[in-house]
Amino acid sequence: MQIVDDKIILWINSLVGKFSVLDRIMIWLANDYFIPVVMALILLGLWFFVSDATQREGYQRAIVVAAISIGSACGFILAFSHLNWHQHPFQEHPELMAATNNIFYPIHDPTFPSNTSAVTFAATASIWQKSRRVAVLLLIPAILMPLAKLYAAVYYPSDIVAGAAIGIFTAYFIKWIMPIFEPIVSRVFWLLRKLCLA
Amino acid sequence: MVATRPEYFAFVFVASVGVLQLTAILAGLKGLLFFRRPALAYPFSILAIAGASYWFFVRSDRIDTIMRRVGLEGSQQFYYFCVSAFAALIFTLVVSSLIDVFRRQTQSNNCGEKRQGLNSLREMSYFKAIKRSFRSKED
Numbered sequence: 001m002q003i004v005d006d007k008i009i010l011w012i013n014s015l016v017g018k019f020s021v022l023d024r025i026m027i028w029l030a031n032d033y034f035i036p037v038v039m040a041l042i043l044l045g046l047w048f049f050v051s052d053a054t055q056r057e058g059y060q061r062a063i064v065v066a067a068i069s070i071g072s073a074c075g076f077i078l079a080f081s082h083l084n085w086h087q088h089p090f091q092e093h094p095e096l097m098a099a100t101n102n103i104f105y106p107i108h109d110p111t112f113p114s115n116t117s118a119v120t121f122a123a124t125a126s127i128w129q130k131s132r133r134v135a136v137l138l139l140i141p142a143i144l145m146p147l148a149k150l151y152a153a154v155y156y157p158s159d160i161v162a163g164a165a166i167g168i169f170t171a172y173f174i175k176w177i178m179p180i181f182e183p184i185v186s187r188v189f190w191l192l193r194k195l196c197l198a
Numbered sequence: 199m200v201a202t203r204p205e206y207f208a209f210v211f212v213a214s215v216g217v218l219q220l221t222a223i224l225a226g227l228k229g230l231l232f233f234r235r236p237a238l239a240y241p242f243s244i245l246a247i248a249g250a251s252y253w254f255f256v257r258s259d260r261i262d263t264i265m266r267r268v269g270l271e272g273s274q275q276f277y278y279f280c281v282s283a284f285a286a287l288i289f290t291l292v293v294s295s296l297i298d299v300f301r302r303q304t305q306s307n308n309c310g311e312k313r314q315g316l317n318s319l320r321e322m323s324y325f326k327a328i329k330r331s332f333r334s335k336e337d
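Residue numbers (our numbering), protein chains in the order written: chain F, 1 to 198; chain A, 199 to 337.
By construction, these hints were calculated from the structure, which means they are not laboratory data.
A quick note: this is a predicted structure, and the numbers were derived from the prediction, not measured.
Simulated pairs of lysine-lysine, DSSO-like, Cα-Cα distance not exceeding 27 Å:
#1 A/K312 - A/K228
#2 F/K194 - A/K312
#3 F/K194 - F/K130
#4 F/K194 - A/K228
#5 F/K130 - F/K175
#6 A/K329 - A/K228
#7 A/K329 - A/K312
#8 A/K312 - A/K326
#9 A/K326 - A/K228
#10 F/K175 - F/K194
#11 F/K194 - A/K329
#12 F/K194 - A/K326
Please put together the full structure from these sequences, using the hints given.
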């Protein structure tokens, strides 16, 4: 696995500095704030967007699942990261440090599994269970941000795949256990409807 | 210097107000709008989103300087986003209702169908909708 990871990361990072437009795009996509805020604003807009009340409640419940999944995925990542599988690509291959500094910065968080892909895929998978068409809006940034961090030699491909798997698993797990909390969720939605917010 | 909490809060607040206005136009939630005319509402919402993003990312080359260092952690970002977006929602509800109070042209409340929940904002301001909601004995 490490050999495949190394081959992919070295090939991708050979592109850094060759195409300035690609570098600029990756700087934006890898940014800590850009994609997370874009995805969160899409979820905020989705809360109010759908006209039909029944359909809208379905989307709003999916957004609640997304919010819980994001938090839970972060918890899972924290638990896994203590295993400390390997270091970041820019640490194991010092020649990649320039690429990391060009596109992003050398992060201190544990590398395996990728926190970025866990969070973005947890949000996307939550909405995917309600509407695949809407989820595509989130899937694009969910793929692009980890890809940009791969380009910046911050994560190995296996870190990203593992993070995405944890994010997706978390979203399906949270959706699966939601019926247990149905009396509370129904009460919350009744209150939100009373407050004209759902 | 890192991307600070007040800056992130302000960015998310203004961008969220823009998103709420844009969504309100598209979903026909007239009670949430600051401007009833789409010719004003669309530019306002797009300007809020684009302006906030420019101010946060682009000014003084922040994306190439300040944002290339450790800033807010993921959990902090999540927390501040929730607080800021909630503040933007409260701001939108209050301002759109106050504008409605001062607007001479009041909406018709005598619609045949009485809408409930968020849909009531299609025909009246938030203050009016919530007043009606709590007067109503229906669940």
